[in-house]
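Student: Its first residue numbered 1, the sequence shown is counted upward by one per residue in the numbering used here.
Since the hints were made in silico from the structure, they are not lab data.
Small disclaimer: the values here were computed from a predicted structure and weren't measured.
Treat each hint with caution, since some may be false.
Claimed, not checked - DEER-style ranges, computed between Cβ atoms: (1) Gln247 with His268: 15 to 23 Å; (2) Pro117 with Arg243: 27 to 35 Å; (3) Thr276 with Thr78: 47 to 55 Å; (4) Glu3 with Asp125: 28 to 36 Å; (5) Ser173 with Thr78: 23 to 31 Å; (6) Arg190 with Glu3: 32 to 40 Å; (7) Ser173 with Gly10: 18 to 26 Å; (8) Pro186 with Pro39: 31 to 39 Å.
Think of the CB as a built atom: it goes at the ideal place given N, C-alpha and C, for glycine as much as any other residue.
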Amino acid sequence: MLERVLELLGPALTGSEPVVVDANLGLGGHSEALLAAYPSLHLIGIDRDPFAIDFSTRRLSPYADRITLVHASSGDLTEVLARAGRTTVNGALFDLGVSSPQLDEAERGFAYSYDAPLDMRMDTDQELTAEQVVNTYSATELIRILRDYGEERFAPRVAGLIIKERAKEAITSTKRLADIVREAIPAATRRTGGNPAKRTFQALRIEVNAELSALEAALPAALDALVLGGRVVVLSYHSLEDRLTKQALTARTRDTSPPGLPVPLPAHQPRFRLLTRGAELPSEEELARNPRAASARLRAAERIRVDD
C-alpha cells in the first residue's frame, strides 16, 4: 500500500527539515519512496534484523546523508530517537509483521512450507528461538501463547501433542512441528482454513520476537513524539496487531471529558484525529501484484493538539 502510505504521510512532510521514523524498516521500500519524494526529509529507520539493516544501508546509499539506520527493536523507539538527538518527529510509519526475506529464506525457520531448523528469530543475535520455546515451555505456557498469539481454539490439543512428542525426541524442524500440529487438529477442521500449522507458527513467531510488546511500547512512543500536524501510519497483518493499533489510536482520538458537562474540558479534548475510517484494505490491483498484501490493514492518525 505504498501509494496510500505516501498520500497519508505527505501533508506532514512539507516543512523545511521533516523527520520520519520508519519503525520496521525491512527492505527499505517505503523509506526509499519517502526519501525520493521529499528531498529535505531525514529518515530514522529501525529494524531488529541485521540483514534488513545491511540491505537497506545499500539500498538507501544514494540518501546516505539523510538517513540514520539503527539495529534495534521498535520497542526501543524512545531510546533510538534520543540517541539520534530527536525529541520530535513529523511522521511515523509501522509496517508490522514478517518480511519477505524472512519467509523466503528457509533457514530462518519462519515458514511451515519449508523443512528447516525451528528458529524464527528476527534478530539473529538474540538467544531465544522457536526450538527452545517448543521444547522447554510448559504445557500451560504453550497453551497460553497458542491461544493469545495464534488464536488457536485447539491450543490444549496442540500443546499436549507437542509435550508428548518432544518427550520421545526434541522437536527441531519446521516440518516435524507442522506434522505434529496437523495431527493434533481434528480432521474436519483440517479440511478448511488453509494449513493448520499457520496459527501455531504465528504464535511462536510472536513469542520469540516479543512482537506485541514491542508494538505496545513503540506506537504510544511514536504518538508522543509527533509534532502538531504530525502523522502516523500503521500497516498490520493479523488481528492482534490491528486490535492493538485500533485501541492505541482510539484512546488518543476521543473526548475523555466526564459525561454531562455543558462544555468539554480542554484537558480532555482529543490530541489526535483519525485519517482512516476503520482499517483500509489493499486494492484489487495491489492484490494482483502482491498476493501477500491480502492480510494488510492500514490505519492512520494526525496530531491536532499538543499539551500545554
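Student: Would you mind marking each hint as holding or not holding in the structure?
Tutor: Right, here's what the structure says about each hint:
At about 18 Å, the CB distance of glutamine 247 to histidine 268 agrees with the hint of 15 to 23 Å. At about 31 Å, the beta-carbon gap between proline 117 and arginine 243 stays in the expected band of 27 to 35 Å. Take threonine 276 and threonine 78: their Cβ atoms lie about 25 Å apart, and the range 47 to 55 Å is violated. As the Cβ distance of glutamate 3 to aspartate 125 is approximately 35 Å, the hint placing it in 28 to 36 Å holds.
In this structure the supplied range 23 to 31 Å is violated for serine 173 paired with threonine 78, their Cβ-Cβ distance being about 38 Å. One distance hint, 32 to 40 Å for the beta-carbon pair arginine 190 and glutamate 3, holds here, with the actual separation near 39 Å. For the pair serine 173 and glycine 10, the supplied restraint of 18 to 26 Å is violated, since their beta-carbon distance comes to about 46 Å. Distance hint for proline 186 and proline 39: a CB-CB separation of about 58 Å, inconsistent with the stated range 31 to 39 Å.
In summary, the structure is inconsistent with hints 3, 5, 7 and 8 from the numbered list given earlier, while agreeing with the others.
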